[in-house]
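Visitor: Here the protein sequences come in this chain order: A, B and C.
Residue numbering for the first sequence follows my numbering, starting at 6 and increasing by one per position.
Residue numbering for the second sequence follows my numbering, starting at 567 and increasing by one per position.
Residue numbering for the third sequence follows my numbering, starting at 54 and increasing by one per position.
Just so you know, the hints here were simulated from the structure itself, not pulled from any lab data.
Hints are supplied without guarantee of correctness; some may be wrong.
Part of the chain B face toward chain C, derived, beta carbon under 8 Å [what the hints assert, rightly or not]:
1. A586
2. S742
3. Q753
4. Q757
5. A760
6. L761
7. G762
8. F763
9. D842
10. S844
We treat Cβ as the ideally placed atom computed from N, Cα and C, and that holds for glycine.
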Amino acid sequence: MTVFWQILIDGFAISSLYALGATGFALIFGVSGVLNLSHGSLMVAAVVAAWAAGDSLHAGPYTGAAIGVAVGFSLSLLTYFVVVSPLQHTRKIREEEKEIFILTATLLWGIMIQQLIAYFYTDNAKTVAPIVQGVVAIVGVRTPANEIFTAIVCGLAIALLWLLVNRTRAGKAVLAASMNPRGITLLGVELSQVYVAVWAIYGVLVGVAGVLLGMFLGISSYSAGPLTASAFSIVVLGGLGSVPGALIAAYVVGYLETLTAYLISPAYRTIPALLLLVAVMYVRPRGLLGRR
Amino acid sequence: MQPPTTARLLLIGLGAVVVASFLPLWASGYILGLLTIAYYFGVFAMAWDLLFGFAGEVNFGPTFLIGVGAYTAGILDNLYQPPIWLCIAAGTAAAITGGLVLALPALRLRGPYFGLTTLVAVLILQNFIVVDAHLTGGEIGLTVPDVISISDTTNYLIALWFMAISGAILFSLSRSPVGLILQASGQDAVQAGALGFNVTKHKLTAFVISAFFSGLAGSLMVFYLGSASVGTFIDITVGVQIIISAVLGGRRTILGAVLGAIFLIAMSEALRPLGDLSNFIVFGMALIVVLLYPNGFFGLLTRTREDA
Amino acid sequence: MSTAERSHLEVSGLTKRFGGLVAVKEMSLSVAAGKILGLIGPNGSGKSTVMKLIMGIERPDGGSVRINGVEVCGWPSHRIARMGAGIVFQHSRPLHRQTVLENIKLALLPDKLTRLFADPQTDARARAIAARVGLSGVLDRRPGTLPFADLRKIEIAKAIARDPQVLLIDEPFAGLTAKETAAFSDLICELRDDGRAVLLVDHNVKSVSRLVDRVIAMYVGERIAEGSADEVMRNETVRRVYLGGAIEIAARPESSFRDATTPFLEVDKVSVHYGKAQALEDVSIHVHEREFVAVVGLNGAGKTTLFNTISGLLPYAGDVRRQGATLRNSSAAAIARGGIVQCPEGRELFVDMTVRENLDLGGQHQPPEENATQIEWLFELFPILRERQGQAAGTLSGGEQQMLTIARALMMKPKLLMLDEPTLGLAPVILEQISKALERLRQTTPITVLLAEQNVTFALPHADRVYVLEHARIVWEGDPAKFAAEGGAGYL
Numbered sequence: 006m007t008v009f010w011q012i013l014i015d016g017f018a019i020s021s022l023y024a025l026g027a028t029g030f031a032l033i034f035g036v037s038g039v040l041n042l043s044h045g046s047l048m049v050a051a052v053v054a055a056w057a058a059g060d061s062l063h064a065g066p067y068t069g070a071a072i073g074v075a076v077g078f079s080l081s082l083l084t085y086f087v088v089v090s091p092l093q094h095t096r097k098i099r100e101e102e103k104e105i106f107i108l109t110a111t112l113l114w115g116i117m118i119q120q121l122i123a124y125f126y127t128d129n130a131k132t133v134a135p136i137v138q139g140v141v142a143i144v145g146v147r148t149p150a151n152e153i154f155t156a157i158v159c160g161l162a163i164a165l166l167w168l169l170v171n172r173t174r175a176g177k178a179v180l181a182a183s184m185n186p187r188g189i190t191l192l193g194v195e196l197s198q199v200y201v202a203v204w205a206i207y208g209v210l211v212g213v214a215g216v217l218l219g220m221f222l223g224i225s226s227y228s229a230g231p232l233t234a235s236a237f238s239i240v241v242l243g244g245l246g247s248v249p250g251a252l253i254a255a256y257v258v259g260y261l262e263t264l265t266a267y268l269i270s271p272a273y274r275t276i277p278a279l280l281l282l283v284a285v286m287y288v289r290p291r292g293l294l295g296r297r
Numbered sequence: 567m568q569p570p571t572t573a574r575l576l577l578i579g580l581g582a583v584v585v586a587s588f589l590p591l592w593a594s595g596y597i598l599g600l601l602t603i604a605y606y607f608g609v610f611a612m613a614w615d616l617l618f619g620f621a622g623e624v625n626f627g628p629t630f631l632i633g634v635g636a637y638t639a640g641i642l643d644n645l646y647q648p649p650i651w652l653c654i655a656a657g658t659a660a661a662i663t664g665g666l667v668l669a670l671p672a673l674r675l676r677g678p679y680f681g682l683t684t685l686v687a688v689l690i691l692q693n694f695i696v697v698d699a700h701l702t703g704g705e706i707g708l709t710v711p712d713v714i715s716i717s718d719t720t721n722y723l724i725a726l727w728f729m730a731i732s733g734a735i736l737f738s739l740s741r742s743p744v745g746l747i748l749q750a751s752g753q754d755a756v757q758a759g760a761l762g763f764n765v766t767k768h769k770l771t772a773f774v775i776s777a778f779f780s781g782l783a784g785s786l787m788v789f790y791l792g793s794a795s796v797g798t799f800i801d802i803t804v805g806v807q808i809i810i811s812a813v814l815g816g817r818r819t820i821l822g823a824v825l826g827a828i829f830l831i832a833m834s835e836a837l838r839p840l841g842d843l844s845n846f847i848v849f850g851m852a853l854i855v856v857l858l859y860p861n862g863f864f865g866l867l868t869r870t871r872e873d874a
Numbered sequence: 054m055s056t057a058e059r060s061h062l063e064v065s066g067l068t069k070r071f072g073g074l075v076a077v078k079e080m081s082l083s084v085a086a087g088k089i090l091g092l093i094g095p096n097g098s099g100k101s102t103v104m105k106l107i108m109g110i111e112r113p114d115g116g117s118v119r120i121n122g123v124e125v126c127g128w129p130s131h132r133i134a135r136m137g138a139g140i141v142f143q144h145s146r147p148l149h150r151q152t153v154l155e156n157i158k159l160a161l162l163p164d165k166l167t168r169l170f171a172d173p174q175t176d177a178r179a180r181a182i183a184a185r186v187g188l189s190g191v192l193d194r195r196p197g198t199l200p201f202a203d204l205r206k207i208e209i210a211k212a213i214a215r216d217p218q219v220l221l222i223d224e225p226f227a228g229l230t231a232k233e234t235a236a237f238s239d240l241i242c243e244l245r246d247d248g249r250a251v252l253l254v255d256h257n258v259k260s261v262s263r264l265v266d267r268v269i270a271m272y273v274g275e276r277i278a279e280g281s282a283d284e285v286m287r288n289e290t291v292r293r294v295y296l297g298g299a300i301e302i303a304a305r306p307e308s309s310f311r312d313a314t315t316p317f318l319e320v321d322k323v324s325v326h327y328g329k330a331q332a333l334e335d336v337s338i339h340v341h342e343r344e345f346v347a348v349v350g351l352n353g354a355g356k357t358t359l360f361n362t363i364s365g366l367l368p369y370a371g372d373v374r375r376q377g378a379t380l381r382n383s384s385a386a387a388i389a390r391g392g393i394v395q396c397p398e399g400r401e402l403f404v405d406m407t408v409r410e411n412l413d414l415g416g417q418h419q420p421p422e423e424n425a426t427q428i429e430w431l432f433e434l435f436p437i438l439r440e441r442q443g444q445a446a447g448t449l450s451g452g453e454q455q456m457l458t459i460a461r462a463l464m465m466k467p468k469l470l471m472l473d474e475p476t477l478g479l480a481p482v483i484l485e486q487i488s489k490a491l492e493r494l495r496q497t498t499p500i501t502v503l504l505a506e507q508n509v510t511f512a513l514p515h516a517d518r519v520y521v522l523e524h525a526r527i528v529w530e531g532d533p534a535k536f537a538a539e540g541g542a543g544y545l
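Pulled out of the complex, with its shape left as it was, chain A reads as follows (with noise of 0.2 Å):
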């Protein structure tokens, strides 16, 4: 019996922490139609960021943590910048092209930040100091304090963004730029600030998506391929487009991997959720609640 609830302690902290990432993932693509393939990486740099800071500069875990969000946040911005922005608006590529090339160039620029981190930090992994610490007894089961917290605080950044979205003007604003960018224009709104918003977002739930991850498992400069193939698993499962579906979504992947790892063996907790992925894009390929 103790299985069971730990089990389900376990799998809803990690698919917290799935759902803040994937919700992050499916923003920019709802939004910027842009499928960020470096979005693994920008939370690698966010946990690393936060190690280095408690490990070089010996900065609690507010601070280092507080860093780690930051360079989420820079790098985001960054990568909207220097990689997608200036492919969306060249003129050398045929429109049809874009969307594949943007996809490569997150792609490289993704992998130049993860060998970049190996460089500096090698590709040992890091975790970073909880910044709760202690264990704590649900129904009889010892659980890490830190789980706890990590599940209040990605449910917290969930339904600050909920709100965001939905109750504020700006929110709407960019929930219709994301319905039809040509409409919003028409209403005045400058798209360029939307997506500038959105990516400035998107930073900041990656830095906490990212440090918390730190916080709870060991992370390297190679977790970056699989946090990107397990972020985009999850939206293309609950649908390209939408984020309720990727909210759900999340919790299902995350449940099917710590399900796996507690009753078959941790080795294969990635396999049946790729192969859950795999039978959806067979059989309907827009997901649970896909639009596009």
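Dock chains B and C against the given chain A, drawing on the hints supplied.
Guide: Just chains B and C, lined up with the frame of chain A:
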């Protein structure tokens, strides 16, 4: 300027290959080894270019086909030690099967979904290899008991002429009437259908051809290196290098992919003393090319002005 | 050229639904060998969809299509093409990386995987076809370097190469000069004389009347008239759809507007190109403050292009000025914020958001207190919107969506409101409501309106001045009374 005819380009290519055949006379084993790898890479890149440039399908996981071919050949050799040519044939057949399995549903998908499917295929393959370590050698890799030859020169010449023949076939294909139909299928499927062409049939064929050459080259490379690992055949980084080679050389030129591959391998090697930074620089240069010179080397050379 | 004697096309009960919208409803027609049938209708009538259904580019939901007696309904397009059907698309679609000769050769190729060597016959045949249409001089050039008319010739050449027994041609003369049109007409007649069955699709009876033996008119997916070109042009229903019934005028003379020297909006010799096609040619119009100007024209005339140019969404040559100051350096969003607001043809509503949210987004740049008042006023103008304010915009009917589009634009307190074909696809009773709303707007507010319409009955009663846009050029300007008298007859 009139673009050179197929025959003329093939002749120039033949000339270059003949000249390159004399390289072993004065180059060191190290250089020959490097170029051998580059030539196999060239075949990987040409196969990718056929699929992308002509059928219009972006394969983000060329290493799926290559890996399936390489590992099938390697595992077979480990288990039963059949003659090398049999292993290579089996590897190629496996790659073609893999290509069909991937293509049939993937071709029904639009836009980014197709590219993502190919990426996912690579991830799944990677996972299975790591997990089935007893068969595949897992993360450490596989060693095979046989190699084609121990001589640097022999291996080099085999790779060179294999690349030359593959290149000639792929290039002629691209310039043939079938190549024209493939281009139409990739550029404007609706128009191609209205002109009476079964687009799915043609794209599937392009897939199979791409898989054939990828699998064959992969299998050959296993018996050159004497080993196979995730890092050499399957990793996404390898796939990206293949795509970069083709883009650098110029999409849709087939021959340019070889130049791109040689350049990439040479660069990576030259920068190796920098350690992990070497990859960073190489990919950084590739990113700059993608951003500023999307038509690659050949694009700059021939300057086909489509929209003048 | 060998063509079977009995080539003909028979369509019956053809139906196509896109979601809840019925695009084509029980459409029937037939074309015999050596005859040309014209299929005409305004935008949204379903005529292009009928063509795509016949060719297999879209899958029919019901009905039958027989080519030479063989049932091909539901077949993929490549099989229908090999059965003897050919299509010339409205927009030229050559392969950009291939030469003209290669484009024509492609059409001559069989659907075989094993063609590894070029057949020398193919080259000779392709050159012969090129000579027939007049492309011999440009065979080695790439399409990107060629003028518009040559691109259309490539399309015809491809069609000839396929040697179809049934030929479908979509808007053959759009974008061509009078001379080019005559040459194309002759070519089509030749093809007809070969014994083929030809289906011409267009929105304008006049342009195809010389060629066709019979005409079928369509509206909102159904056939509404059939007969000779003259009969159809005189048909009551057809005239009502295109021109409407009796027209009342309420125009104010141009001299009554105060900004005589510097009109509020000036479009000065503007030219716009889409690729090679000229969408607008040296177009100049002006609109005074508080004036109501109508730009009438058929599909493809350039009305939407004109609006998108004013809104800053397209690159153009020439100048667009607002109160004397050029708009060239302003972004599209800035132009909208500055008071020039467009209700686009596609409405561009945020379909998953509620009516209220759409309106709020319209008012986002205005102070909140003003928005509250404005919304109240709009709910009085369009009472149905108040009823539906909590509903998702996508669930509204066509008429309600159009009202929402106008209301949302009005939330921006525009100085100039541009309405692009607001009546498209709407039932007459809805047009009444919108017409009344426009009337109220005109009388109670200082708003300036620029209306683009092909429905002249709707446009004329409100207009102070009328421009006629035809094939990218302004061909007529004057007051509505004069238009009703002279313009109407030639319009259809």
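Visitor: Run every hint past the structure and note whether it holds.
Guide: Hints versus structure:
| no. | hint | in the structure |
| --- | --- | --- |
| 1 | A586 | violated, 27 Å |
| 2 | S742 | holds, 5 Å |
| 3 | Q753 | holds, 6 Å |
| 4 | Q757 | holds, 5 Å |
| 5 | A760 | holds, 5 Å |
| 6 | L761 | holds, 5 Å |
| 7 | G762 | holds, 4 Å |
| 8 | F763 | holds, 5 Å |
| 9 | D842 | violated, 39 Å |
| 10 | S844 | violated, 35 Å |
In the structure shown, a violation is registered for the earlier hints numbered 1, 9 and 10, in ascending order.
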